[in-house]
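*Asks:* Build the full structure now, drawing on both the sequences and the hints.
2 protein chains.
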Amino acid sequence: MLRISKLADYAVVLATWLAAREQRGERHTVRDLAAVTGIHQPTVGKILKHLARHGIVDSQRGARGGYRLAARPEDVPVAAIIEALEGPIAVTECASEETAGACEYEGRCGVQESWQRINAVVGRALESVSLADMAKPGLSPRELVPVARVGGERRMARAAGDVAADDWHG
Amino acid sequence: MLRISKLADYAVVLATWLAAREQRGERHTVRDLAAVTGIHQPTVGKILKHLARHGIVDSQRGARGGYRLAARPEDVPVAAIIEALEGPIAVTECASEETAGACEYEGRCGVQESWQRINAVVGRALESVSLADMAKPGLSPRELVPVARVGGERRMARAAGDVAADDWHG
DNA sequence: CCCAAACAGGACCGATTCAGTCCTCTATTT
DNA sequence: AAATAGAGGACTGAATCGGTCCTGTTTGGG
Chain L
0 MLRISKLADY
10 AVVLATWLAA
20 REQRGERHTV
30 RDLAAVTGIH
40 QPTVGKILKH
50 LARHGIVDSQ
60 RGARGGYRLA
70 ARPEDVPVAA
80 IIEALEGPIA
90 VTECASEETA
100 GACEYEGRCG
110 VQESWQRINA
120 VVGRALESVS
130 LADMAKPGLS
140 PRELVPVARV
150 GGERRMARAA
160 GDVAADDWHG
Chain X
0 MLRISKLADY
10 AVVLATWLAA
20 REQRGERHTV
30 RDLAAVTGIH
40 QPTVGKILKH
50 LARHGIVDSQ
60 RGARGGYRLA
70 ARPEDVPVAA
80 IIEALEGPIA
90 VTECASEETA
100 GACEYEGRCG
110 VQESWQRINA
120 VVGRALESVS
130 LADMAKPGLS
140 PRELVPVARV
150 GGERRMARAA
160 GDVAADDWHG
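Going line by line, the protein sequences match chains L and X.
Following numbering that gives the first Met the number 0, the numbering of the first sequence begins with 0 at its first residue and continues without gaps.
Following numbering that gives the first Met the number 0, the numbering of the second sequence begins with 0 at its first residue and continues without gaps.
Keep in mind the hints are simulated off the structure, nothing from the lab.
Note that this is a predicted model, so its numbers are computed, not measured.
Among the hints, a few may not be true.
Simulated restraints, written as ranges between beta carbons of each label pair [unchecked claim]:
no., chain 1, residue 1, chain 2, residue 2, range
1, X, G44, L, D31, 49 to 55 Å
2, X, C102, L, E96, 51 to 57 Å
3, X, R52, L, R60, 39 to 45 Å
4, X, G54, L, P87, 18 to 24 Å
5, X, E105, L, Q40, 18 to 24 Å
6, X, K48, L, S58, 24 to 30 Å
7, X, G37, L, R23, 57 to 63 Å
8, X, E103, L, R71, 54 to 60 Å
9, L, S58, X, G54, 35 to 41 Å
10, X, Q40, L, S58, 50 to 56 Å
11, X, R52, L, A51, 20 to 26 Å
12, L, R63, X, A101, 25 to 31 Å
The beta carbon of each residue, even a glycine, is placed where N, CA and C say it ideally should be.
*Replies:* Given below as structure tokens:
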């Protein structure tokens, strides 16, 4: 699967919603956000607390309090949202600096360095998409190029970059 | 985390090992592979059965049997190994065609299309790295470019593609 | 000054998923 | 025929995760 957690998924939805109506710095309460997104209120609360702790949203307590985005939507990469909920992005255990050394096969598996590079590619893909990008769908919905599999020819150079940078803002 | 399963991780290690000594089509038994990689024998067996069912390795039963890679290492993307163990790569539930429609928020979340594109980027990153790439570490270990986070400037165009295609085979 | 609104922080449990093992069957070689 | 080796699937213990709840603390309004 290589899937992000549900909480992180919800977090992106919530943050994108905030990004879409980031007007005059208005705050939105957990109750309101739960109502408009359909996500259960306690879960919304938990997620926003995480985002606030990581400086992605700005919170205010008390009556008339609530949350709003702490930065401009263009400046908040999706990767930051995911990391706020799940910690550093690491496709394998040995791919991140934090958990490197925890693998018992380290040193003799021979693929650690390769994983670190794959991880960098994935991380940058997520880093290259902002909340502003998430909020405006439908720009150049170009048909995705079919990809060769086992036994096929050498594969597309730059394919990842094409989608991440060109397609998106094309 | 955004992490692949341990089984998929082991699978890549095993397949890479096979790729590294793909000579004269020799076969390797589960016992031997377990011995050289340090992974427990039953686990190695389970993984190779999955890889065989997906046509990634070629198996032969009986005395003098064993496994070998079914294609040239350059033609086997890491993505194929992961998919053999975990199913289609899908960063979120709504990102893959198979499980699309299972999300109760579908239609009103507004980020489904964006996720599908992110998923395509990640999938291609994994598709662009072959077992041959995994087997030869150390080619152009260029320092990774630091990436701007929340509040930073607009980010690197083509970064993902640079790493996936250029750095790796550069 | 007090009450209500709203977030902060963390404990907690139930369910799901995953890793790992085992058993039986089939195929191949000697 | 016997030994070797994979095929296929069932099963279980553990770890993780999603979701809820409870108790503070802060803020604004009457």
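*Asks:* Compare the structure with each hint and give your call.
*Replies:* Cross-check of the supplied hints:
A hinted range of 49 to 55 Å for the beta carbons of X:G44 and L:D31 is consistent with their spacing of about 54 Å. Hint check: X:C102 to L:E96, Cβ distance near 34 Å, so the stated range 51 to 57 Å is violated. For X:R52 and L:R60, the Cβ-Cβ distance of about 55 Å falls outside the hinted range of 39 to 45 Å, so the restraint is violated. Look at X:G54 against L:P87: about 34 Å separates their beta carbons, and that is not inside 18 to 24 Å.
For the pair X:E105 and L:Q40, the supplied restraint of 18 to 24 Å holds, since their beta-carbon distance comes to about 21 Å. For the pair X:K48 and L:S58, the supplied restraint of 24 to 30 Å is violated, since their beta-carbon distance comes to about 51 Å. For X:G37 and L:R23, the hinted distance range of 57 to 63 Å is satisfied, since their beta carbons lie about 60 Å from each other. Take X:E103 and L:R71: their Cβ atoms lie about 31 Å apart, and the range 54 to 60 Å is violated.
Taken as a hint, the range 35 to 41 Å is violated for the pair L:S58 and X:G54, whose Cβ atoms sit roughly 52 Å apart. At roughly 53 Å, the beta carbons of X:Q40 and L:S58 sit within the given window of 50 to 56 Å. For X:R52 and L:A51, the hinted distance range of 20 to 26 Å is not satisfied, since their beta carbons lie about 46 Å from each other. For the pair L:R63 and X:A101, the beta carbons lie near 38 Å from each other, so the given range of 25 to 31 Å is not met.
Hints 2, 3, 4, 6, 8, 9, 11 and 12 from the earlier list are contradicted by this structure; the remaining hints agree with it.
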